[in-house]
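Number of protein chains: 2
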Amino acid sequence: MSQTSQPAADRATRLQRARDVCGANGKICPPERTTQLLEAIIMSGDRVALEGDNQKQADFLAACLAKMDPARVHDLHMVQSVLALPDHLAVFERGIANRLDFAFAGPQSRRLAELVAAKALKIGAIHTYLELYARMLVDLTPHVALVVADKADRGGNLYTGPNTEDTPTIVEAAAFRGGIVVAQVNEIVDRLPRVDIPGDWVDVVVPGPKPYAIDPLFTRDPAKIRNENVLMAMMAISAVYEPYQVTRLNHGIGYATAAIELLLPTFAARRGLKGKVARNFVLNPHPTLIPAIESGFVDSVYCFGSELGMERYVANRAHVFPIGADGSLRSNRTLAQVAGQYACDLFVGGTLQIDPQGNSSTATKGRITGFGGAPNMGADARGRRHDSPAWLRAGEEAGESLRGRKLVVQMVQTRQPNGAPSFVERLDAYDLAASAGFALPPVMVYGDDVSHVITEQGVCNLLRCRSPGEREAALRAVAGDTDFGKRQDAETTEALRRRGIVMFPSDLGIESATATRDWLAAKTIDDLVVASGGLYAPPAKFRTVARA
Amino acid sequence: MSQTSQPAADRATRLQRARDVCGANGKICPPERTTQLLEAIIMSGDRVALEGDNQKQADFLAACLAKMDPARVHDLHMVQSVLALPDHLAVFERGIANRLDFAFAGPQSRRLAELVAAKALKIGAIHTYLELYARMLVDLTPHVALVVADKADRGGNLYTGPNTEDTPTIVEAAAFRGGIVVAQVNEIVDRLPRVDIPGDWVDVVVPGPKPYAIDPLFTRDPAKIRNENVLMAMMAISAVYEPYQVTRLNHGIGYATAAIELLLPTFAARRGLKGKVARNFVLNPHPTLIPAIESGFVDSVYCFGSELGMERYVANRAHVFPIGADGSLRSNRTLAQVAGQYACDLFVGGTLQIDPQGNSSTATKGRITGFGGAPNMGADARGRRHDSPAWLRAGEEAGESLRGRKLVVQMVQTRQPNGAPSFVERLDAYDLAASAGFALPPVMVYGDDVSHVITEQGVCNLLRCRSPGEREAALRAVAGDTDFGKRQDAETTEALRRRGIVMFPSDLGIESATATRDWLAAKTIDDLVVASGGLYAPPAKFRTVARA
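Going down the list, the sequences are from chains A and B.
To convert, note that position 184 of the first sequence is 184 in the working numbering; the numbers rise steadily by one, no gaps.
To convert, note that position 241 of the second sequence is 789 in the working numbering; the numbers rise steadily by one, no gaps.
Warning: the hint list may mix true and false statements.
Heads up, simulated DSBU-like pairs for lysine-lysine below, C-alpha to C-alpha not over 35 Å straight-line [what the hints assert, rightly or not]: (1) B:K667 <-> A:K276; (2) A:K523 <-> A:K276; (3) B:K758 <-> B:K670; (4) B:K670 <-> A:K276; (5) A:K122 <-> B:K824; (6) A:K274 <-> B:K667.
From the derived model, a few chain A residues whose C-beta atoms are all more than 10 Å from chain B [claimed, not checked]: (7) H74; (8) K210; (9) A398.
These aren't lab readings, by the way, just hints derived from the structure by calculation.
Just so it is clear, CB atoms sit at the ideal spot from N, CA and C, and this is done for glycine as well.
Using the sequences and the hints given, assemble the complete structure.
Have a look at this one:
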């Protein structure tokens, strides 16, 4: 391990070099001198935090970093949440960087695995977002932070707009460890709509040649929700939301959770649950939540980031979303992860594979995907001390005498869209760990943290299981016609059903034949636009699909 | 539950009333009009976040709040980290507030219990700090936040100085929910040393009539460390720090942990542990850490808050502490709690009572103390995914096949200073829960999260216990001549000792007779001042004691 901090003298030297590059422009670096700037302030062996978020990307700074001369700057240790762009890997391919600590690499997961196999880089660890931020404050403190914002003024004050995301945390981690903070912005203005990050914490501002890259990751087109998703959503509401009185919750991304959101004003309202469940969300502004918000189902939504196209809608729903005095969203991924962990009674997520003990993973051979935020929210928060009806009931069912339990629900169809079974005897994560040299397999959510698994076949309540054998049988009971499911005999399933460990739709009063798309409060993207009163402006790719 | 958010119109009305009170002074409210200001902006039934921190207090705002006319403003719901001042209870006594969600009430714990018994207020829940912040973002969003900082400029920008603590999180929770933010400051200046909180987020600034109250809570006088504390510190280093190679850690407050800090440059250095253990702390600037820092033992310290008297020392050790470009500490309680949870392999704390399963509590009858931050850091972080030698070894010992474990150490003498046994068959927390109407007893750290308990008798390693019976026997083995300890027969203890579950000093190569204060790198407060090169300026009460 190298030193975690830098002496002030080091910072002064680097800052002087930055000033030399910026010249008469003060804190503003002309875009064409950005690679030169980075070569001036970054030294070989530095830890560099590149903003690499879930949604927005410091893409111009990433490109300039990858253009540096590896003869001058090398052996960098990259610390970044998300590897999303080819340039995020180019620094390793070009020999500029050789170490990586990160949280998620979805789009670059295959190439990352190849580079690890080729020994072009060494992964320190795969983290959750919150863990990575924690380490950026403790032992992975950045020497240089390269971040992104919407606008800056000449004092270096930053306006992030609705996608604040990770920026304040990365900047705080670097600025108060003698690090140099460089921000790419779309625009330099005289007066910001609001200050999201004080200029005192920012050393150099680079106006990017074009607006930074950002992805609409949380938009699910209702047209793609299938009847099976509706059935699963009905079961989630009937078997979890209603009996546990879940008011504070977090949803992962996926068509099953999108279906739940679209069933709140219809199916859930019909069951008299308005005002009783799903009131306080920790969630990005999912377009599929619009009908529930418009029907008054939802009191509040606290956000990790924003969602492209939702800006105007969100700004007009200040009673629901965190909005600044300037009228636009302030999101915060660090605080939202904390809120998801400690202020929510329920996390609903999806996965690719589940094993006989309920361990789940999105890792597959040849791809190093990472975790993102799911493990943080999909784990029992043992540091929690306040109670709620949901938490207490879950704890009682689990046989806890001194504490409650978080509800952690995995919704997964028995087969993936490509036909591969979602239930497996052994996770691919073990092979990945062996090939990548990890000490432990990358498990997304551990089985002993999972409370319920919901498939199109039924629901199993793992809280009520008292042995590994029971847990396994409960999972096989909802695994349908996969090999995993066929290993179970009908009697075992019936016994679990009598004990309320396994619930089929009919046990929940749901007639499967009635579980259709008709329940959806919006059936297309256009329906969402209408529901929003015309405030939601879907990105082009969703408009095309909806009208295809 | 009431609505969590406020419409923008509501904010505009309140803000106009605030402007009317401030008059020509813009954002600045003259101190003599502060109660009038609060009566103008706070409405009956509001949730009010009063900064009530662990260290610094918005004491003038607390006093003005308690002076409001309960006929005009009543039924307030107070949301605050710490109840430290009589005025924090006066709002309940005077009928201005009647609900409370909080985290810690050390100094006011007895009076709080009386008020609860008299039904002057209803406690929503007792939280950890991080939980309470999480809920302030989700379902306990403040309508009004009353905070404290060192300095403000006329734009409302705030400089918190080294004790940033909770302020940014409280302000963010209120400012982006249409709430009104009022800051008490010691001074209004033209130019701040640095901006800690942007003025856009702050509506009104009140110059306090005198500097805000702040307590040196983390100063332990080395003169009060006893030989027993030294012995326990030697065992902690030998049985935990060394074998688990603990580099990232957090210490609670107490003489046992102070002794560890003062033994790093002596006992631990003698064992060749410099550079190998205790390198990265998440800790307030404990004066007892000065010798370890000066000897180069410590790479970095990330801070929840600051400590009175340590300001100049900390500012001069920018390679160790998080320091801004202005040259002073930036602390952050929220981020430090996250760092303590996710970036540390070890938490060492103390307690008043431990039960046969290792559950510990500081609750006693007639006192509602609260938790503070210990449960968050003294729990296994199940959302953690990155590994380290310490975490992996702890997990292996606990029989985990898929994950590691956090080291959670409780250091407690078998008897408290008043002679009461620290080991009890039943925690007082049960009686408190019954009398206060809590659903569950307020347990500080759960036994199944504890890895080691260290007394002056020895160490027990609970990770290696495979049953409740073994756990109980391990605890009785180190409980000395208390009734709890006497219930154990010597054979059982010997069997545990052979299996490495129980370790006495001699098992660790420690001769108890040599465990004396001679090992302390500083024996008095004056020694700490000398070690700091004269930079540490102890508060008067410690200077007096040291020279008495």
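Hints and how they fare:
{"no.": "1", "hint": "B:K667 <-> A:K276", "result": "holds (27 Å)"}
{"no.": "2", "hint": "A:K523 <-> A:K276", "result": "holds (25 Å)"}
{"no.": "3", "hint": "B:K758 <-> B:K670", "result": "holds (32 Å)"}
{"no.": "4", "hint": "B:K670 <-> A:K276", "result": "holds (22 Å)"}
{"no.": "5", "hint": "A:K122 <-> B:K824", "result": "holds (22 Å)"}
{"no.": "6", "hint": "A:K274 <-> B:K667", "result": "holds (32 Å)"}
{"no.": "7", "hint": "H74", "result": "holds (24 Å)"}
{"no.": "8", "hint": "K210", "result": "holds (27 Å)"}
{"no.": "9", "hint": "A398", "result": "holds (13 Å)"}
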